[in-house]
Amino acid sequence: MMSAQHGISRGSDFSRTLKRGVRTSTRDLVVSVAVVPSIWPDPSGRRTQVAMSGGPWLGLIVNKSVGPAVVRHRVARRLRAAFRDVRGRVPATETFVVVRALPGAAHRSSDELADQLREVMGRKRVRELAARSAGVDVAGAGVSA
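Numbering (our numbering), first residue to last: 12 to 156.
Calculated directly from the structure, the hints in this document are not laboratory data.
Glycine included, C-beta positions come from ideal geometry on N, C-alpha and C.
Keep in mind that the hints are not guaranteed to be accurate.
[As the list claims (entries may be wrong)] Estimated spans, in silico, between C-beta atoms of each pair: (1) Arg100 to Arg31: 33 to 39 angstroms; (2) Ala80 to Lys135: 20 to 26 angstroms; (3) Val81 to Arg143: 38 to 44 angstroms; (4) Ala80 to Arg143: 35 to 41 angstroms.
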């Protein structure tokens, strides 16, 4: 099970990720990925805790269009399990990932959702975001500051 400290719980963190992050989607998921800059203010110390424990943060949006509460919770559990397997593909430890489940996610198995999440995290836009945040240009050469 994923640690509670790896979950996005503040509305401001969701908003920041959804507005400023890279958005990409599959048939059943819409995923926004944002890398948190090192200078980001964090009076609670959570960012440091997550970075030290291997990050990243995960936020889930599973609304009522997906189905009744039992179905929504099942989808959320499946997405958390899928993310746990995909965490190594997330570009940086200081990354926010918000996954919005679309209604079709209710009819997908854990493996199918994991495949879709894996596909999203491997897309070029997400890799480019990670490269920029790490100070590496897309071709792989270092960027001078």
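Hint-by-hint comparison with the structure:
{"no.": "1", "hint": "Arg100 to Arg31: 33 to 39 angstroms", "verdict": "violated (21 angstroms)"}
{"no.": "2", "hint": "Ala80 to Lys135: 20 to 26 angstroms", "verdict": "violated (37 angstroms)"}
{"no.": "3", "hint": "Val81 to Arg143: 38 to 44 angstroms", "verdict": "holds (41 angstroms)"}
{"no.": "4", "hint": "Ala80 to Arg143: 35 to 41 angstroms", "verdict": "holds (39 angstroms)"}
Of the numbered hints stated above, those contradicted by the structure are hints 1 and 2, listed in ascending order.
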